[in-house]
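*Asks:* First to last, the protein sequences are chains U and Z. Position 49 (the first sequence) corresponds to 89 in this note's numbering; numbering is contiguous. Position 92 (the second sequence) corresponds to 160 in this note's numbering; numbering is contiguous.
In short, the hints are calculated from the structure, not lab data. Any given hint could be a false lead.
[As the list claims (entries may be wrong)] Lysine to aspartate or glutamate pairs mimicking DMTMM-like chemistry, simulated, CA-CA at most 25 Å apart: (1) U/K649 - Z/E212; (2) U/K649 - Z/E378; (3) Z/K145 - U/E747.
The chain contents come next:
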Amino acid sequence: MSGAAEAGTVARFAGVSHRYGARVALDGVDLALPAGSSTAAIGPDGVGKSTLLGLLAGAKRVQSGKVRVLGGDMANAGHRAAICPRIAYMPQGLGRNLYPDLSVRENMEFFARLFGQGSAERLRRIGALLEATGLAPFPDRPARNLSGGMRQKLGLCCALIHDPDLLILDEPTTGVDPLSRRQFWELIERMRESRPGMSLVVATAYMEEAERFTHLLAINDGRILFTGTPAEIKARTGAATLEESFLALLPEAVRAGHRALSIPPRAADEHEPAIVAEHLTRRFGRFLAVDDASFVIERGEIFGFLGSNGCGKTTTMKMLTGLLPPTSGSALLFGRGIDAADISQRERVGYMSQSFSLYTELTVLQNLELHARLYHLPPARARVRIARLIEEFGLAFYIGQRAASLPLGIRQRLSLAVAVVHEPEVLILDEPTSGVDPLARDRFWELLVDLSRNRGVTIFVSTHFMNEAERCDRISLMHAGRVLATGAPAALTAAKGAKRLEDAFIAYLVEAGEEAAPRSVSTPGERSSAARAGASTAPVRGFSLRRLFAYALRETLELRRDPVRLGFSLFGTAFLMLVLGFGINTDVNHLSFAAFDRDRTPESVDYLKEFRGSIYFTEQRPITSYQDLEHRLASGSLKVAIEIPPGFGRDVRRGRPAEVGAWIDGAMPFWAETAEGYLEAAHQLYLSDLAVAGGIAAGTPDLASIESRFRYNQDFESVKALVPGTLAFMLALIPSIMMAVAVVREKELGSITNLYVTPVTRLEFVLGKQLPYVALAMVSFLSLCLMAILVFAVPLRGSFAALAVGALIYVTATTGYGLLISSFASTQIAALFGTAILTVLPATTFSGMMTPVSTLTGLPALMGRAFPMTYFLPISVGTFTKALGFSELAGPMLALLLFVPVFTLASLMLLPKQER
Amino acid sequence: MRRSTANIFWLGTKELRSFFRDYVLLGLVVYAFTIAVYAQASSTAQELHNAAVAIVDEDHSPLSRAIAADFLPPFFKPAQEIEAGETDRALDLARYGFVIDVPPHFERDMRAGRDPGLQVNIDATAAMQAGIGADYIQQILDAEIARFAARADQTVRDPVNLVMHVEYNPNTTTSWFTSVMAIIGNITMLAIVLAGAAIVREREHGTMDHLMVMPLRPFEIATAKIAANGLVITAASWFALSVVVRVFLGVPIVGSVPLFIVGVMLYLFFATAVGLFLGTIARSMPQLGLLFILVSVPLNMLSGSNTPLESMPPVLQVLMEFSPTTHFVSLAQAVLFRGAGIDVVWPDFLAVAGIGAVFFVAALARFRRVTAMAVT
């Protein structure tokens, strides 16, 4: 601790600002978090909560201002490395930093290894945490099969594995059912009791959860509106709930126009059913997504679906839109069965899917126009309708902006506008307001209420917000694919004798057999003391083999559980080798030729005999005219045409110089040049036959004989050279592509955060991930070698050891190449096609597979020399066909070896240890 | 019908707008049709160019020196003299592709009519060069010996002279061939990638669901994607051909570019359908990428655009007859290099269109089934 001022604080921000491009996420934030406190950052989505937490955890780079955490400056990499074992960070999103293919225990082991724990310690801690969180019964279940609530508990286990002093949780309960949510907070409470020194910082969008915390940070628009205890904030604003207090804290300008939402009652006379679901059931394989759901939605009603993520809301809605056929049961829309092929039915429905149903690269107006056109509104009516929607939905200000750049709340309004452009009678909205701030949510609901009450539109909406559910005329409570109860919110609450809908929901869940509370926590005391003792085995700073191994092991497990990738890398490679090994062949024989014999004498037949007898030529039907000659050459059916002029026989007999014409198709230059050689050879053969036949003056007498020796490959079969080349090509293409995807995947899926906030260094991360792919590539290498020898009958004449060592260096370099590309690509697709395009061309053309590198000049030469395959090819071809060993191949091996550190260092430089 | 056309048109404009906003993809397309074509064309991979020759001169006569001086650019680098014992190592390390061994007393023996032997060692692992280079060297040596003999008044004119005309590309300049083949390779890759990624992207972003609840038929959605991506690739090919190939590489194109472009459009029918098909199989972008490699690499490498089709095993030749890529390569060569008209290439056009249509229908059926099942 550097000063008295910091003695009582765990973190301190001074003038911290953060921007993403032009967007300001944090704007001059000052704050101090007392040690041992529990703090909640509250506020709508997109106001800077996550940025604040990311800066606190060291996951994001400090842009401006000072961030001091645990007594040091977070801009200082040395300090970050020193304190990161004392911080635990759980990013936003259900289990985002977990590995879905790994089991509960494997996930925890991975984190334990990252923090340098030995196996005995690991075992003890994991056992204690599993027990405490109630996950003990399923240590071997893959994380992807856990429910949202369990996933969050696992995330917490992984965060607590190293006994942090500062625990940072970013929206840990968003999208989790209320029962699990309650259990989660109870768990946190107990953890805190057992470790009173630990400071807790949480971000949450559920205002009611914030009541539990000792400190609140109310954040809006990148600024802190208020800090203090929940009681203080309510006292200051004079409001009863935190949500109301928060609204009261907002600047006047933002609040303007906001009024409490009032929902007029429905007219009592409409009870015609609009949607009827009867025993709807949907299975995906063995997974039962929706289990016997039945309900009736009346015309003009606002009907809600309340439930956690993954409880079957979306699947049910998809069945009602006809997107998904039910496994059993039926659904009726206005009395008619739902038929995916019924176009007229679709015109009566508007649908807003959970993910945005907008084309984000189109502008507001373009989106509206596109949909109006696709629904075939007559142009005049479309204009009126769009103008009205723009006005009603308050979109005028944004008309020319691209949907991608709109604030979330506005985007949501546009989505709704687009969904109602054709004035549907039924609106199906799948979690339309998730991630939208309370004010925008109220405006959105005003629009829904207007549609329902004034236009008679039937609205079917799903949500995981209790207060939204309370606004519906009737709701269904959903859990694990089942409808637990249906009715008016007030009636459901009353039926369980509960005060709030949330309590009623929990009562229904308990009734349905969900576990009410986790096992008691038996270990906190001893755990805590063990942790203190364990703190002496602080993670190694600098390079740690254990952490590298943790990543290697994890990658191997994941790879083993992804049959598509694994299968592709082994069988796909073998398939390509088979096809290309047989197909890529530069032997030229069976050149199609035809004779245009205008002489028709024994002499002309003698001449043509040389061609007819050769295996290099295959004769086609004779040419009848110049026009025929031209046509057949142009169509490609002839490669060579030989014309013998009239009088040829006479001239030869009389010893007068005769001339024969040959036409060669030059479209493919390699063909043409080879054909020229064959023609010349056949012609020479004729001349010497002619000389031997005697009688006529001999041509060039044999002055000297020229002997051509094709070395290494006496029969000059291209397969001998091309199969070792194809092997090198495969080992360049496949390992680099697999590697490239592996790193970018972590970026896209979010688990890259573990690189940012755990003690693992970039080098450990990179090498750890590379190891399994190098091993996999070596397995491929062995199978390719076997194929070369057994299938293609290309014997390995030289040293296998030299080939294997060369291959090992080579695949390390090619995986490094993939790594390099992936470290600057941000999407999987860019990494994939980048690697493909940047590998195929240099590999096939510039690396010496078809033509020696020494003959290249300019750009191709440069591209060739900077590509590892150029140096592996001599090793592969050399050991297979030239019988070479280590001593002859030392040069290319050393060159290849150079690529490894170069690629690794370049990747390290391009891979940031912190998020921007 | 009119309704369908309007839907396809408006969906197509949406596709185009998305494409032009995806700068990474745009960058890849630009690279593929400019720099990549240029680089491949300037690689001289298929002709004898800059070949490295060594000579073991054990004769040190005027004749052996004349032979050494005969190897001229652009075909050969100047011949290097090496020692007799170095031959094996030089070839092992691929320092030289060809080593010519002139034995001691070569010139003297020849004057004496003792038929001395001259040895040419060829590294037969340099696939495309070894054969062509050996022919060249044979001719150079023949000519030099003949010249020598002429001075010694020992030669007579050949009774029959073979006059060779290389049609369409008299100097057998590789770049004429490789530049156009590079464009074709790019068309295949990009058509598959763009169409496939367009599907997977809509599935990943959830907008496919949205399209499916609108009064649109799968046929209209698929056709719009094919038309829009096809348009982009056709334009890119036209640009690459008329600007990069014609202007920057200076390749004279004798044939009809419009006819070739018609061929491109027919071919795109097939290639985008394949992309569409793969897009319906792949569950994620990485899987699409892997599938794409498995399909596009063989299609391209075995189409006759890299190595001659006739050199492949008969089974593969028959198989590749069913690949429109093969017919497309063949028609492109005929139209662009040999100046063939539709009267000559119609069978290839027919094959491309026919096989393309079969794939299109199959892809559409699969697309319809998958979209009917929706994505989870």
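*Asks:* If any of the earlier hints don't hold here, list their numbers in rising order.
*Replies:* Violated hint (a single one): 1; every other hint is consistent with the structure.
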